[in-house]
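S.K.: Chains as they are written, first to last, in full-length UniProt numbering: chain B, 1 to 79; chain L, 1 to 153; chain D, 1 to 371.
To be clear, the hints were calculated from the coordinates, so they are not data collected in a lab. Treat each hint with caution, since some may be false.
[What the hints assert, rightly or not] Derived lysine-lysine pairs resembling DSBU-like cross-links, with alpha carbons at most 35 Å apart:
| hint | chain 1 | residue 1 | chain 2 | residue 2 |
| --- | --- | --- | --- | --- |
| 1 | D | Lys356 | L | Lys121 |
| 2 | D | Lys235 | D | Lys361 |
| 3 | B | Lys71 | D | Lys361 |
| 4 | D | Lys227 | L | Lys121 |
| 5 | D | Lys356 | L | Lys104 |
| 6 | D | Lys324 | L | Lys141 |
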Amino acid sequence: MPREEYQVPTAGAGASAGGMTRGATGGERHESRSVMTYICGDCGGNVTLSKDALVACPHCAGRVLYKERTKRMVQFEAR
Amino acid sequence: MPGRTKAQADASSQDADMQDVPPSGQDEINQDAEMRENAEAEEEEEEEVEPQRVRILPGSTDTAASFEFTDEGHTLGNALRYVIMKNPDVEFCAYSIPHPSEPKMNIRIQTYDGTAVNALKKGLSDLQDVCDVVAEEFWTKRQQFNSEQGIDR
Amino acid sequence: MAPSAEELLRRNTVGINKETVSNVASTDFPGHFPGEDHAFSIERFRSAFSVQFHRNELNDASFSLIGIDASLANAFRRILIAEIPTLAIEDVYIENNTSVIQDEVLAHRLGLIPFNGGRDGIHNFLKWYKKPEAGEDPYANSFDWNTVRLELNVTCTVNPDAAPNENDPLKAYNHAHVYAKDIVFVPTGRQVEYFSGDNAIVPVNPDILIAKLRPKQTINLAMHMHKGIGADHSKFSPVATASYRLLPLIHITKPIIGPDAEKFQRCFPQGVIGLEKVTREEASKSGSGYEGHAGEFKAVVKDSMKDTVSREALRHPEFEGKVKLGRRRDHFIFSIESTGQWDSDELFLEAVKHLKLKCKKLEQQVINMVQ
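From just these sequences and the hints, can you work out the full model?
M.R.: Here it is, written out as structure tokens:
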């Protein structure tokens, strides 16, 4: 797909964009993904943001938010 | 090993009173027996797995041969070279590690008398004798020092 | 035809000159000196070889091997560093790490921490671990007899009892520092028999700092320890240092007297050179170099082992031709500092045993080769 054709996927437009047929569950998955948890760089609190929300911490109004670390286990060699 | 260390320490602290008895006479036997036991156990385990690590390089004759040791380095190479050079039948002995990123060590032996393989065998067995003497003397002096200094281990 | 004692001393001395070294190679080989027998004989080796202990502590042993060639002493040293197995952290499974230290750096730091535990368990019960092949179950080869499990779970919190404007993070927060002692050993299977109570697997130095945390930061991980050797990775090396030096020799060939003697003493570390009064007897002997110096100080060698062979004495014109420095070729002052998993003296014995076993296996291989 050329870069110009790319559309930011939204819950409603999911199926129509680029003809991707993902079925009914696709929309649901999107819904849950559109709410993300971040960590505030100032106060360290958890911040839940939906897609169009203002990027700011509700507790301290800090505008630096960090993505959460993966919940998966990561393996390293102690070398 | 640590279990044995304890046992020996106890044994020779008893011996310390008896000046005439060599302090490690008994220990030596235990140690040797145990060394042999360990070696046998390890060999038994690895006998199927252990691949041939020594080979004669092409172009060798009976009295002038090169041997290639896999997975050996300067540690054994130089020690073995020294003991083989102490053999009066040996005209020339040297070792080399042809390339640092290959785990190989070559030994060249040329003899006046007898075969190169025999010189290599004698070298390896002499080196084992040296190890026995070093271990024995080390242990005797350790025990002596510890009892003098009152180190109880 | 035996060489004189003087000749033997000359052969046994490596010369240390102002800008050069001399007489560096061993000459104790058959055919080197006509008419002398230098063939290897274990009896001769036994009578010439001796050991002297200087210090014997758990983590620091020092002793001399006398009457042995550099090639053999070096083999022992190399084995000590690279071929004696120890147990160390090899795999780190990080569930969570929100500290400022990166996962891979944290894993590397953990690997370098030396551990100790029941010696019987470590040396005899625990065996080699074989890494599973790619595609195999990653835990297929992990058993209680080759893998030790450790865990580290620390979260930093604000200390409610601290003063309101406390500046010291250690007081203001709980668990601001993560130390080696925070690592918890989790015995599995038969490990309970070998590593309980005093024999538990614990870091040798409990106060090693692993990471620093701030409130709400957390480290949550598990580790697997395996046996390995220093040749593979230095974290497996059982020694902090294992080294030897040759015994320094200082030979005062002509008397050094008076203020020169004091200056000469200052050319060496403390305790190497002593000052003694020239006796009337010495002063009355003509040709001794002490004539008319009775009661003055002369320099004598007190303890050459303490010397560092700095060659400072060779820089001053007043000592020219009066002193010869050297080292004894067959006197190795070993120093072994263990990291704690073995006793230092035990380590040397293990190195000797290791070399013997190596030779024994190769002897069999040579026999197999000829067949």
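S.K.: Now look at each hint and say whether the structure bears it out.
M.R.: Hints versus structure:
1. D:Lys356 to L:Lys121: holds (14 Å)
2. D:Lys235 to D:Lys361: holds (27 Å)
3. B:Lys71 to D:Lys361: Cα-Cα ~50 Å, so violated.
4. D:Lys227 to L:Lys121: Holds - the C-alpha atoms of L:Lys121 and D:Lys227 are around 32 Å apart, at most 35 Å.
5. D:Lys356 to L:Lys104: holds (20 Å)
6. D:Lys324 to L:Lys141: The hint holds at about 32 Å.
This entry does not satisfy hint 3, going by the numbered hints stated previously; all others are met.
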